[in-house]
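Generate the whole structure from the sequences, applying the supplied hints.
Number of protein chains: 2
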Amino acid sequence: MDTSASLRSAAHDAPEAPATDRRTRHRERRRQEVYAAAVELFVEQGFENTTMEQIAQRADVARATVFNHFERKTAFLDEWMSQRRKRAFAAVLKENLTDWSLDRILRRYMIESARMSEETRAETVALMTAAVHSTDLLAHPVLADEFEPYIVEAQKSGEAPAQMKAGQAGLVVATSYFAVLSQWIAADPAPFDLTTELLAMLDILLSGMLKRP
Amino acid sequence: MDTSASLRSAAHDAPEAPATDRRTRHRERRRQEVYAAAVELFVEQGFENTTMEQIAQRADVARATVFNHFERKTAFLDEWMSQRRKRAFAAVLKENLTDWSLDRILRRYMIESARMSEETRAETVALMTAAVHSTDLLAHPVLADEFEPYIVEAQKSGEAPAQMKAGQAGLVVATSYFAVLSQWIAADPAPFDLTTELLAMLDILLSGMLKRP
Numbered sequence: 705m706d707t708s709a710s711l712r713s714a715a716h717d718a719p720e721a722p723a724t725d726r727r728t729r730h731r732e733r734r735r736q737e738v739y740a741a742a743v744e745l746f747v748e749q750g751f752e753n754t755t756m757e758q759i760a761q762r763a764d765v766a767r768a769t770v771f772n773h774f775e776r777k778t779a780f781l782d783e784w785m786s787q788r789r790k791r792a793f794a795a796v797l798k799e800n801l802t803d804w805s806l807d808r809i810l811r812r813y814m815i816e817s818a819r820m821s822e823e824t825r826a827e828t829v830a831l832m833t834a835a836v837h838s839t840d841l842l843a844h845p846v847l848a849d850e851f852e853p854y855i856v857e858a859q860k861s862g863e864a865p866a867q868m869k870a871g872q873a874g875l876v877v878a879t880s881y882f883a884v885l886s887q888w889i890a891a892d893p894a895p896f897d898l899t900t901e902l903l904a905m906l907d908i909l910l911s912g913m914l915k916r917p
Numbered sequence: 705m706d707t708s709a710s711l712r713s714a715a716h717d718a719p720e721a722p723a724t725d726r727r728t729r730h731r732e733r734r735r736q737e738v739y740a741a742a743v744e745l746f747v748e749q750g751f752e753n754t755t756m757e758q759i760a761q762r763a764d765v766a767r768a769t770v771f772n773h774f775e776r777k778t779a780f781l782d783e784w785m786s787q788r789r790k791r792a793f794a795a796v797l798k799e800n801l802t803d804w805s806l807d808r809i810l811r812r813y814m815i816e817s818a819r820m821s822e823e824t825r826a827e828t829v830a831l832m833t834a835a836v837h838s839t840d841l842l843a844h845p846v847l848a849d850e851f852e853p854y855i856v857e858a859q860k861s862g863e864a865p866a867q868m869k870a871g872q873a874g875l876v877v878a879t880s881y882f883a884v885l886s887q888w889i890a891a892d893p894a895p896f897d898l899t900t901e902l903l904a905m906l907d908i909l910l911s912g913m914l915k916r917p
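Residue numbers (the numbering used here), protein chains in the order written: chain A, 705 to 917; chain B, 705 to 917.
If you're looking for bench data, these hints aren't it; they were derived computationally from the structure.
Do not rely on the hints blindly, as some may be mistaken.
Cut-off 30 angstroms, straight-line C-alpha distance, at most; resulting in silico cross-link-like pairs (DSSO-like, lysine-lysine) [unchecked claim]:
no. : chain 1 : residue 1 : chain 2 : residue 2
1   : B       : K777      : B       : K790
2   : B       : K915      : A       : K790
3   : B       : K790      : A       : K915
4   : A       : K790      : A       : K777
5   : A       : K915      : B       : K915
Written as structure tokens, this is what we have:
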């Protein structure tokens, strides 16, 4: 007991809870394998046509293991969207801007999202189409909640009008983004340049549809 | 033959093609009965759980008749949305405004849509939820196309900026409307006053998210 514990601690450099850490890492690795297998299958044969059984086979794990990590098939879509948002926000935050304006943050977000979607068009087509039809993207858009604090910040700094409902503004940006992306994936080949279109959409939202007096 | 033709023409006041007209009217009446039966069933038991067979039974017609009028179950959703749009635009046009501004047209449209949705909440919940998940609402929103000419008109009159893409502005209005409506139907009882929320959303779109200099 003592010996094995000290071996573990030496190997992992985490004397307090080495077994838990390895288990956590192992679990996370397994989860990523299952996730990657699912995304592969969705791209190859579509979300609707893919079963949890097939995902288990592709990942070479038991069916119960798949359910253990992703209790519903739509959980893969939630995970995909979550990873996309994280990467786009990470790109925004990495810039370490000294003058963080809402305008700049949202533009950066759209450029990064467009870049990811263009780099992985087949994956984006398969997963985003499924997300629109099988998750509550419009009724509960997490992206809207994630934009909201930046909008509140812009209201504090005076960039955005104080009377605007930040949650609603976040909703409008998120769903307009989904709409442009949906049109981009609905036609093959891509019907327009995604970055250009997303930035034009953002211009309308930031400046408004009516001329300024 | 002659007698029956003249009776028909007297009764229907359409001497040129009375038989065709009656057939057309009959067909339209039948179509409306099938449509009404379908909507009833969607509200009672949900869109997913309703079959074309059940719709035929409820409308007391043959299954082939249902398919004759609506070749896919989602065609009922297209019809429902089409009727909603027609009624909302009819309310807008009825006003016969002398100074038709885009601002006024869109506000009137939102007020009328909110009124219809509130009057028929159960129907709106059932049909709109199904439309979001089973039709290409985001990728091909007809509502966006129907807003577009009003936006072009506003650009001609100088109300809206000329460089704005009218199609994109229409898309933004249509999908923001779908998003607010989706949130309103996702919680029971209704989580907010729909008219207030739609008009606040429209304010953001018309004035923009950033302060005017």
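Hint-by-hint comparison with the structure:
At roughly 21 angstroms between alpha-carbon atoms, B/K777 and B/K790 fall within 30 angstroms of each other, so this suggested pair holds. The hinted pair formed by B/K915 and A/K790 meets the criterion: a straight-line CA distance of about 28 angstroms does not exceed 30 angstroms. For the given pair, B/K790 sits about 28 angstroms from A/K915 by alpha-carbon distance, which is consistent with the 30 angstroms threshold. For the suggested pair A/K790 and A/K777, the alpha carbons sit about 21 angstroms apart, so the restraint of at most 30 angstroms is met.
Between the alpha carbons of A/K915 and B/K915 the distance comes to roughly 13 angstroms, so the proposed pair stays at or under 30 angstroms and holds.
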